[in-house]
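Novice: Chains Y and P, in that order, give the protein sequences. At position 99 of the first sequence (counting the first as 1) the number is 92 in our numbering, and the numbers step up by one without a gap. Count along the second sequence from 1, then add 1255; that gives the number in our numbering.
Hints are computed from structural coordinates only; laboratory data are not their basis. Be aware that one or more of the hints could be misleading.
Unchecked claim - Across the chosen pairs, the derived CB separations fall in these ranges:
no., chain 1, residue 1, chain 2, residue 2, range
1, Y, V61, P, S1334, 45 to 51 Å
2, P, G1316, Y, D23, 29 to 35 Å
3, Y, P54, P, S1334, 24 to 30 Å
Please read all numbers here as calculations on a predicted model, not as lab measurements. Think of the CB as a built atom: it goes at the ideal place given N, C-alpha and C, for glycine as much as any other residue.
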Amino acid sequence: EAGVTQSPRYAVLQEGQAVSFWCDPISGHDTLYWYQQPRDQGPQLLVYFRDEAVIDNSQLPSDRFSAVRPKGTNSTLKIQSAKQGDTATYLCASSWTGNTLYFGEGSRLIVV
Amino acid sequence: GDSVTQTEGPVTLSEGTSLTVNCSYETKQYPTLFWYVQYPGEGPQLLFKVPKANEKGSNRGFEATYNKEATSFHLQKASVQESDSAVYYCALSDRGSNNRIFFGDGTQLVVKP
């Protein structure tokens, strides 16, 4: 069974540029999560979906971050006008209506 | 709100010695507790979870007991190996927060041969 797939694995941006991260969850998993993991810190939830609906986006910096999951399968996290403080690894995870998360390898973002 | 506090790392041990990583949590609900492990360049992966108070979880020689009275979930292993070197995260989820999972800041374990 394929795991959670993320792309790109790495991105280096100048401040002010935009980037999109893509996630393909485990087939059949209805819940998809995006976490931000700054260096040497634990994952911090940004947003999560059940099917195509947003369940919780309270931690998403809405002015520059957006996330969609239009068909309840793949998802895209977009950062507009990136700042140095956005430097982190962005992790996607999926689960089946339960609470065991399966994570992808992450997309590492560096903003200079 | 919910939170998790764990031993600050790095923790450096020699092969064959015992490990304890402390984890304390705060929540108003009855959570499920987890230990995740993360190797360099990978996402966290579940080590084990315990949904009920006073029960023990275990995997690969690691174990932890869900202590509701002390609000603790300490990770232990009797004899660590070099291959156990990784970052360990204590985490919780509860129904009161839509089953969101809250992670601690992680404890880096370095095992020397």
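Novice: Looking at the structure, which of the earlier hints fail to hold?
Specialist: Violated hint: only 3; rest satisfied.
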